[in-house]
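Novice: Chain A: place on chain H using the hints.
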Amino acid sequence: MNAPVRRLSLVVAALFASLLVSTTLIQYVFAADLNARPDNRRTLLSTYARERGDILVGQTPIAESTPSDDQFKFQRVYPQGPLYAHVTGFYSFYGAVGGLEQAEDAFLSGSSDKLFYRRVSDLFTGRRPQGANVETTLDARVQEAASEAMEGITGGAVALDPRTGAILAMVSHPTFDPNDVAGHDLEAVGTTYDELNAAEGRPLVNRTIGGDLYPPGSVFKVVTAAAALSTGDYDENTVLPGPAVLDLPQTSADLPNAFDGPCGPNSEVTFTEALAVSCNTAFAKVGMDIGAEALQAQAAKFGFGDAITIPMRVTPSTVPAEMNLPQLAQASIGQYDVRATPLQMAMVAAGVANDGVVMRPYLVQSIIGSDLSVIESADEQELSEAVTQDVAAQLTRMMVSVVEDGSGTRAQIPGVEVAGKTGTAQHGEGRKAHAWFISFAPADDPEIAVAVIAEDGGVAGSEAGGGRVAAPIAKQIMEARLDQ
Amino acid sequence: MSVISSYTPRRGRNVELVLLIAAVAIVMLAYVNVGLATSGTVPPALLALGGGYLGVAVAFHLVLRWRASYADPLMLPIVTLLNGLGLVMLHRLDLASDRSITEGVALRQLMWSALAVAIAAVVLVLLRDHRILRRYTYLAGAIGFFLLVLPLFPVIGTSIYGSRIWIQIGPFSFQPGELAKIALAIFFAGYLVQTRDALSVAGRKVLGLTLPRARDLGPILVAWLASLAVLVFERDLGSSLLFFGLFVAMLYVATERVSWIAIGLTLFGIGAYTAYLIFGHVQTRVLLWLDTFSPEALAASDQLAKGLMGMASGGMFGTGLGRGRPDITYFAESDFIIPSFGEEIGLIGLFAIVVLYGLLVERGLRTSLGTRDGFGKLLAAGLSFSLALQCFVVVGGVTRVIPLTGLTMPFLSSGGSSLLANWTLVAILLRISDHARRPLPEASGPSPVAEARTEVVKVR
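The listed protein sequences correspond, in order, to chains H and A. Heads up: the first sequence begins at 66 in the numbering used here, then just goes up one per residue. Heads up: the second sequence begins at -5 in the numbering used here, then just goes up one per residue.
If you are wondering where the hints come from, they were derived from the structure by calculation, not from laboratory data. Virtual Cβ for every residue (Gly too), placed ideally from N, Cα, C. Check before you lean on any hint, since a few could be wrong.
Chain A stretches covered by chain H per the calculated footprint, using a threshold of three residues with CB under 8 angstroms from any CB of chain H [said to hold, decoys possible]: (1) 98 to 105; (2) 360 to 368; (3) 385 to 397.
If you anchor each label on the Cβ, the simulated ranges turn out as follows [said to hold, decoys possible]: (4) H:Gln549 - A:Met310: 55 to 61 angstroms; (5) H:Lys179 - A:Met310: 29 to 35 angstroms; (6) H:Gln124 - A:Thr35: 34 to 40 angstroms.
Here chain H stands alone, though its shape is the one from the complex:
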């Protein structure tokens, strides 16, 4: 019986040899493939265990990684959670969601190709690999003022530096605390996320650049005015018909003013007065006279239709491509299917403020390596020349009159000339209108441009008016910048 036992030992040897081969294949030959699988939780964990870079406002981190003594090694902390929630987004084990956490993930996590040589040198110097820091363009005081002014209001506010395009404030309400969804208790995080996702008012949505977009209402009249002035057939003093009700062609429907009565004596107003009192009939008439193409082209020059990244993706604002005359009349006063983000309307204000040149908006000032070297720095870019310098100057004067003795008096700042435009956007029968305000200041040498929207007129109730609700907010935001 010894011979078969010996042969049996050969069989055993073959069995064990096959195990050595199979383990070698898995742990050596195909190991890299297996580690690169997207569903490999271990790889995810090791990424998570790397120290993620900070997101900074000035020198203050608004998102930072602090060491934790559990399996994840680091806990993402948002020191001023709700204030910057839509700027930062949040980072949990499930990944980076929204805001700069997601948009700049490659830098923050340190996986960007631009950090390659740094990683190699870290390998040799034994330095702990660390993600790069993202410095934002935000101005903490402006952001705080905006958030404070928006307290209790559903809506959004954006402030830009019109000369550069740098975003100074970005507030979307209601907001949430990103710390609640960045914890290490994955189950709790999942539950909180689901709750936030389903919550009324959709706190996770950044209304300033996304969501469902808003009809801009009367603030869009600035675009209509820009289009009209650019044709050369109008100037700020052109007298326009401003009846109480405009009879729309091709239909039995009428287009009334937002207030009772005509816009001026004899139902006539100058272009400046029409903007100051937000005369619907005059602007509808102007819109129909210059035509849909001129309006669409002007809107496009301000950035409508552009897919912009700041680096978060901004939902493009739209002006309908096909419009008949009644629709054009509605679109000219920012109704019908015109839809805009608050950021887009801030760009309109900024474009006028910056002598007609719209700067590309951006949120990231620079990317700073863990060794404090600057890896990338924002460069100011012109997006387009929306209007000529002359038209911009006329528009500025017209918008100043809105604040000085028009619908936007509540945005006045003592000692500073403010240019602005109110808006009250209808969005459905029987629903309260959205209150808008766009503005910039100082009018002669603009430092800040603002767009504010308070959904459903904010807390003021049914007589929603941009001048009543949104203008004071814009004022507070501008003051925060100008006081510095």
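Specialist: Then chain A, alone, in the frame of chain H:
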């Protein structure tokens, strides 16, 4: 049977003691490793636990000196090392899942280890000669088959994660298949020693194979049907493969006829393929085996995939004990303990473990070669081969050599029944090896050994 020449081997007990100390030292080193990796400190209970573990091992060593002084000196150190590494890994997995020492699996495993060693020592003391077991051939057979089908009984049989190979009595769950392995090996050895002549001589030659007579096919058919029943009703490919493989291997050793292997493999192939065609759970297993990362397979179970990714993350040298994430894989402490080791001690460490098992099996087969009686030869070969086959089924299952089965790794995996059975198995092997290596007393009067010398041997 070949004639065994007598020689005087060294007892090797001192070698065994040195190796035992080395084995315990390696285990303690691993334990320190885990402590340093997880909490940054040397575990406070290191000396107590290490000393205790060494004490248990040395106690068994002393039993060997007392009752089986010629026993193989490698087996105990190997088993001690494997058992100890298993304990360290279980402790490490307890830490990863935040189980306290009392609710963790490591402490339970430690108590089971002590009990298993104690029972193995009792077996060694009581079983003065392995040939006594031959008297209980049919009792062992009955017990073996009874244990095998025990999980199928209502009330006590429990289906855990698709395989019905557990019994549950009160708070205790038990895998009777592990003990059945030993009982059946005893039964097969006793039965085949009796019938091997009939099974090996008669038959006719077809295509170079001497095929047995139809009526001699009875036993293999019974074993085949039993293993198929295990496959189908207990849904356990591993046990099924283990028992049938064990039987065919022992049949081959007993009869020295390759045709039995051919017949066995053919039968098993037919049975397994039929089961594949008929039963959904077998199809799922095969899908998971062949196409682990397909969406359908992942939808069914991502356990194997996770295990593979764990092993891959370990790479050549491993993450280091306590520094990987083996707890991500389900059953990291039982069926998937090999991927746990692969992740943390790397390909090199896994090789070492596989080689340790290979060495253990090799010592067992060597014992079989050295034993003078046919029963002992068959039993040693059968027990060793069952160990080898089990290792192959488990490691092959998690490394995609064969479909994944529900068996546990001897000595490493968490589980009291597995420890008890495998320590007992080793005790029996040690007993046989003592017999095999013990020099023949220089002839003083008629003795069984003298008879053995004049035995008429069959020469083939």
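Novice: Taking the hints in turn, state whether each one holds.
Specialist: For each hint, the structure was consulted:
{"no.": "1", "hint": "98 to 105", "result": "violated (count 0)"}
{"no.": "2", "hint": "360 to 368", "result": "holds (count 3)"}
{"no.": "3", "hint": "385 to 397", "result": "holds (count 7)"}
{"no.": "4", "hint": "H:Gln549 - A:Met310: 55 to 61 angstroms", "result": "holds, 59 angstroms"}
{"no.": "5", "hint": "H:Lys179 - A:Met310: 29 to 35 angstroms", "result": "holds, 30 angstroms"}
{"no.": "6", "hint": "H:Gln124 - A:Thr35: 34 to 40 angstroms", "result": "holds, 38 angstroms"}
The structure does not agree with numbered hint 1 stated previously, though it agrees with all others.
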